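Chemist: Sequence:
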Amino acid sequence: MQSIRPSRRTKTSTPRRRAHVALLIETSIASGRDILRGIARYVREHESWALYHEPHGWNESLPRWLRQWKGDGIIARVYTPGMAEQIAACGIPVVDVLGAVPRLPFPLVHVDNNAIARMAAEHLVERGLRHFGFFGIKGQNWSEQRYAEFCAAVASLQRKPCEVPLYELSFNAARTRSWERVENKLARWIAALPKPTGVLVCSDQRGPLFLEACRRAEISVPDEVAVIGVDNDEPLCEVCDPALSSIQANHTRVGYQAAAVLADLMQGSPAPKKAVLVEPQQTIARLSTDMLAIDDPYITAALRLIREQVHTGNLRVDTIAHTVGLSRSVLERRFRTSLKRSVQREIIAAKIKRARELLIKTDLTLAMVAERAGFKHQEYMGAVFKARLGETPAKVRRQSKM
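29 is the number of the first residue of the sequence shown in my numbering; add one for each residue after it.
Everything labelled a hint here was simulated from the structure, so no lab data went into it.
All of these numbers come straight from a predicted model, not from anything done at the bench.
For each residue, glycine too, the CB sits at the ideal point set by N, CA and C.
Take the hints with a grain of salt, since some may be wrong.
[What the hints assert, rightly or not] With a straight-line Cα cutoff of 20 angstroms, these simulated PhoX-like cross-link-like pairs (lysine-lysine) come out:
#: 1; residue 1: Lys381; residue 2: Lys404
#: 2; residue 1: Lys188; residue 2: Lys223
#: 3; residue 1: Lys414; residue 2: Lys404
#: 4; residue 1: Lys223; residue 2: Lys213
#: 5; residue 1: Lys381; residue 2: Lys414
#: 6; residue 1: Lys368; residue 2: Lys381
#: 7; residue 1: Lys213; residue 2: Lys166
#: 8; residue 1: Lys423; residue 2: Lys381
#: 9; residue 1: Lys389; residue 2: Lys423
[To be verified] Beta-carbon label-pair distances, calculated as ranges:
#: 10; residue 1: Pro83; residue 2: Gln427; range: 29 to 39 angstroms
#: 11; residue 1: Thr108; residue 2: Lys188; range: 31 to 41 angstroms
#: 12; residue 1: Leu305; residue 2: Arg209; range: 16 to 26 angstroms
Please construct the entire structure, taking both the sequences and the accompanying hints into account.
Modeler: Dropping the structure here:
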């Protein structure tokens, strides 16, 4: 019988130590959470890092454990020079993903503020707007960059100089001052803007504040002021009334690129000579910019009435004409001149839009969707969808869940 010799064991190598990386990134806002998603994706694809992170808000101090921490790298949103000094004292590679403090000794990976401003300007100009404004955060260079490029972009798109009024508040304005005073002062600024106007709000975080000020000033959004934010913080945008349009700035890619830069730094590679800038993804259009700038005040009033009352199911062309103070024939003529469509077609389009929103964002039955969108009954809604969109309401709902 042939003896079986035991196989020679191969000498096992010592497992490589995982790099220890601290993530000093707030989780209270969408941009911070998206950056964390991007870092997580990079780690899954390339590295096996031990990640140190505690959920916190943007205004909270650095964690105490950082003082004695013996790690290998840090990715941080650096808000102040003092914060930068504390992080630099760790003596390890650092990547900043905010850009709020100029001339830091750390490489910067950030969204492209100029591209964001241009995308917002294009969205507003496409709606026929000729007047613009900007609501920013005082002392934040990323907000200042967005304002400067927004001014340049609207002037370039219109091929003429354009004055863009600016209103700024500090980060802590709503906390350190009377809320009523802040809102009322902002409302007065909004009321003084030429109408209709398009306003870029530097961040979705300021969207609810701005829209509340519009209500206080009795300014209709979007008919008189169309509003767009930045970051596409979906829960925040949807809770706004009306829902806030926003630029999807691609912070997930920022996190991914920041992790790649940090990996190179920890391996001894030199830091990038320039900031790594990430292009925004797309414009997410919601109700706050759902308008066309129209010089005819009667048509503007009619469109507002349709949008606000279409869900009742009782809106008629005669009613609209009477409410805005025109005869039916004159209203129809002005409608076709301004919008190239009839009043009835606009009413149907508004019903379809409302129904689509309910189908996608709620679990209401089709009968309830039809009722809340202003259709006589579910069958009529189905017939209109099939004729206008080529698909049934049920199919619209199924596709939204895919």
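Chemist: Determine for every hint whether it applies to the structure shown.
Modeler: Quick rundown of the hints versus the structure:
The straight-line distance between the Cα atoms of Lys381 and Lys404 is roughly 16 angstroms, inside the 20 angstroms bound, and the hint therefore holds. Note on Lys188 and Lys223: the hinted pairing holds, with a Cα-Cα distance of about 19 angstroms set against a maximum of 20 angstroms. Taking the CA atoms of Lys414 and Lys404, the gap is near 16 angstroms; set against the 20 angstroms cutoff, the hint holds. Restraint check for Lys223 and Lys213: satisfied, since their Cα atoms lie roughly 18 angstroms apart, inside the 20 angstroms limit.
Taking the CA atoms of Lys381 and Lys414, the gap is near 14 angstroms; set against the 20 angstroms cutoff, the hint holds. Using a Cα cut-off of 20 angstroms, the hinted pair Lys368 and Lys381 holds, with the two alpha carbons roughly 19 angstroms apart. In summary, the hint linking Lys213 to Lys166 is supported, as the alpha carbons are separated by about 15 angstroms, within the 20 angstroms threshold. Proposed proximity of Lys423 and Lys381 is supported: the alpha carbons are some 15 angstroms apart, at most 20 angstroms.
For the proposed pair Lys389 and Lys423, the alpha carbon gap of about 14 angstroms is at most 20 angstroms, so the pair holds. Checked against the given bound of 29 to 39 angstroms, the beta carbons of Pro83 and Gln427, roughly 35 angstroms apart, stay inside it. At about 40 angstroms, the beta-carbon gap between Thr108 and Lys188 stays in the expected band of 31 to 41 angstroms. Checked against the hint of 16 to 26 angstroms, the pair Leu305 and Arg209 fails, with Cβ atoms roughly 37 angstroms apart.
Hint 12 alone, counting from the list given before, is not met by this structure.
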